[in-house]
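So the sequence lines, in the order shown, correspond to chains A and B. Following this note's numbering, the numbering of the first sequence begins with 1 at its first residue and continues without gaps. Following this note's numbering, the numbering of the second sequence begins with 1 at its first residue and continues without gaps.
Watch out, some of these pointers could steer you wrong.
To be verified - Below are the SDA-like pairs computed for lysine to any residue, each with C-alpha atoms no more than 20 Å apart in a straight line:
id: 1; chain 1: A; residue 1: K44; chain 2: B; residue 2: Y32
id: 2; chain 1: B; residue 1: K2; chain 2: B; residue 2: I18
id: 3; chain 1: B; residue 1: K42; chain 2: A; residue 2: A87
id: 4; chain 1: A; residue 1: K44; chain 2: B; residue 2: S52
id: 5; chain 1: A; residue 1: K44; chain 2: B; residue 2: Q80
id: 6; chain 1: B; residue 1: K42; chain 2: A; residue 2: V12
id: 7; chain 1: A; residue 1: K36; chain 2: B; residue 2: S40
id: 8; chain 1: A; residue 1: K52; chain 2: A; residue 2: K71
id: 9; chain 1: A; residue 1: K41; chain 2: B; residue 2: S12
id: 10; chain 1: A; residue 1: K44; chain 2: B; residue 2: G94
id: 11; chain 1: A; residue 1: K40; chain 2: B; residue 2: L11
id: 12; chain 1: A; residue 1: K40; chain 2: B; residue 2: E45
id: 13; chain 1: B; residue 1: K107; chain 2: B; residue 2: E5
id: 14; chain 1: A; residue 1: K22; chain 2: A; residue 2: T2
id: 15; chain 1: A; residue 1: K44; chain 2: B; residue 2: A104
id: 16; chain 1: B; residue 1: K2; chain 2: B; residue 2: Q99
id: 17; chain 1: A; residue 1: K22; chain 2: B; residue 2: K42
id: 18; chain 1: A; residue 1: K40; chain 2: B; residue 2: R37
id: 19; chain 1: A; residue 1: K36; chain 2: B; residue 2: R41
id: 20; chain 1: A; residue 1: K36; chain 2: B; residue 2: S12
id: 21; chain 1: A; residue 1: K52; chain 2: B; residue 2: Q99
id: 22; chain 1: A; residue 1: K40; chain 2: A; residue 2: R110
id: 23; chain 1: B; residue 1: K42; chain 2: A; residue 2: K52
id: 24; chain 1: A; residue 1: K40; chain 2: B; residue 2: T24
id: 25; chain 1: B; residue 1: K42; chain 2: A; residue 2: K71
id: 26; chain 1: B; residue 1: K42; chain 2: A; residue 2: T102
Simulated from the structure, these hints should not be mistaken for laboratory data.
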Amino acid sequence: DTAVSQTPKYLVTQMGNDKSIKCEQNLGHDTMYWYKQDSKKFLKIMFSYNNKELIINETVPNRFSPKSPDKAHLNLHINSLELGDSAVYFCASSWGQGGADTQYFGPGTRLTVL
Amino acid sequence: QKEVEQDPGPLSVPEGAIVSLNCTYSNSAFQYFMWYRQYSRKGPELLMYTYSSGNKEDGRFTAQVDKSSKYISLFIRDSQPSDSATYLCAMSRGDSNYQLIWGAGTKLIIKP
Chain A
1 DTAVSQTPKY
11 LVTQMGNDKS
21 IKCEQNLGHD
31 TMYWYKQDSK
41 KFLKIMFSYN
51 NKELIINETV
61 PNRFSPKSPD
71 KAHLNLHINS
81 LELGDSAVYF
91 CASSWGQGGA
101 DTQYFGPGTR
111 LTVL
Chain B
1 QKEVEQDPGP
11 LSVPEGAIVS
21 LNCTYSNSAF
31 QYFMWYRQYS
41 RKGPELLMYT
51 YSSGNKEDGR
61 FTAQVDKSSK
71 YISLFIRDSQ
81 PSDSATYLCA
91 MSRGDSNYQL
101 IWGAGTKLII
111 KP
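Next comes chain A alone, as it looks inside the complex (with noise of 0.2 Å):
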């Protein structure tokens, strides 16, 4: 039973392509997350949402957009990807939003922009 999941684990593609990143927490959580994990393994927050509202939305470039259909569902979808864009993306999850809460984290997806 995979409390997050992620699809697809790896993703190849050529720059300026539109692509997507699913995600599905199956641990009835309120809040979900998108993070930005660069080589050097720092963990960046991109994104948050709670019962399917934006609560946190870092500097990202408007090619990001993310898109909540409900609280178990936040997908990632990039336009126009960019060199800079390859990185680990993890989805995560947790009960609450105020960062008090433990955060599960999906297996990743590592994106490689050619």
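With the hints as your guide, set chain B onto chain A.
This is chain B only, laid out in the frame that chain A set:
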């Protein structure tokens, strides 16, 4: 200056050694302190969770928080090769809508 500072390592120690991992922070409003462990090609998972100051022990792991010095530590006793991973500290004020602030992660290697 980053809100949370953590030496990225790598830190390499022999099996059985006591490991000390540390983070410093600048925001005195932080109340919740966490250590996440991330194995290679996996997502981070919560290892230790501490509220405010003090120590917390769980098996071979001890988390310490010194709010007066704005310094947190994770100690691993009798380290094992299976402890080899990246350890990320994270902390928060805990306010509604306030995010978790992450350290850069320390890569730990335990040599058999």
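For each hint, the structure was consulted:
{"no.": "1", "hint": "K44(A) <-> Y32(B)", "verdict": "holds, 18 Å"}
{"no.": "2", "hint": "K2(B) <-> I18(B)", "verdict": "violated, 28 Å"}
{"no.": "3", "hint": "K42(B) <-> A87(A)", "verdict": "holds, 13 Å"}
{"no.": "4", "hint": "K44(A) <-> S52(B)", "verdict": "violated, 24 Å"}
{"no.": "5", "hint": "K44(A) <-> Q80(B)", "verdict": "violated, 29 Å"}
{"no.": "6", "hint": "K42(B) <-> V12(A)", "verdict": "holds, 18 Å"}
{"no.": "7", "hint": "K36(A) <-> S40(B)", "verdict": "holds, 16 Å"}
{"no.": "8", "hint": "K52(A) <-> K71(A)", "verdict": "holds, 5 Å"}
{"no.": "9", "hint": "K41(A) <-> S12(B)", "verdict": "holds, 17 Å"}
{"no.": "10", "hint": "K44(A) <-> G94(B)", "verdict": "holds, 18 Å"}
{"no.": "11", "hint": "K40(A) <-> L11(B)", "verdict": "holds, 15 Å"}
{"no.": "12", "hint": "K40(A) <-> E45(B)", "verdict": "holds, 18 Å"}
{"no.": "13", "hint": "K107(B) <-> E5(B)", "verdict": "holds, 14 Å"}
{"no.": "14", "hint": "K22(A) <-> T2(A)", "verdict": "holds, 14 Å"}
{"no.": "15", "hint": "K44(A) <-> A104(B)", "verdict": "holds, 10 Å"}
{"no.": "16", "hint": "K2(B) <-> Q99(B)", "verdict": "holds, 15 Å"}
{"no.": "17", "hint": "K22(A) <-> K42(B)", "verdict": "holds, 17 Å"}
{"no.": "18", "hint": "K40(A) <-> R37(B)", "verdict": "holds, 15 Å"}
{"no.": "19", "hint": "K36(A) <-> R41(B)", "verdict": "holds, 14 Å"}
{"no.": "20", "hint": "K36(A) <-> S12(B)", "verdict": "violated, 26 Å"}
{"no.": "21", "hint": "K52(A) <-> Q99(B)", "verdict": "holds, 17 Å"}
{"no.": "22", "hint": "K40(A) <-> R110(A)", "verdict": "holds, 14 Å"}
{"no.": "23", "hint": "K42(B) <-> K52(A)", "verdict": "violated, 26 Å"}
{"no.": "24", "hint": "K40(A) <-> T24(B)", "verdict": "holds, 19 Å"}
{"no.": "25", "hint": "K42(B) <-> K71(A)", "verdict": "violated, 24 Å"}
{"no.": "26", "hint": "K42(B) <-> T102(A)", "verdict": "holds, 17 Å"}
Hints 2, 4, 5, 20, 23, 25 from the list above are not met by this structure, while the remaining hints are.
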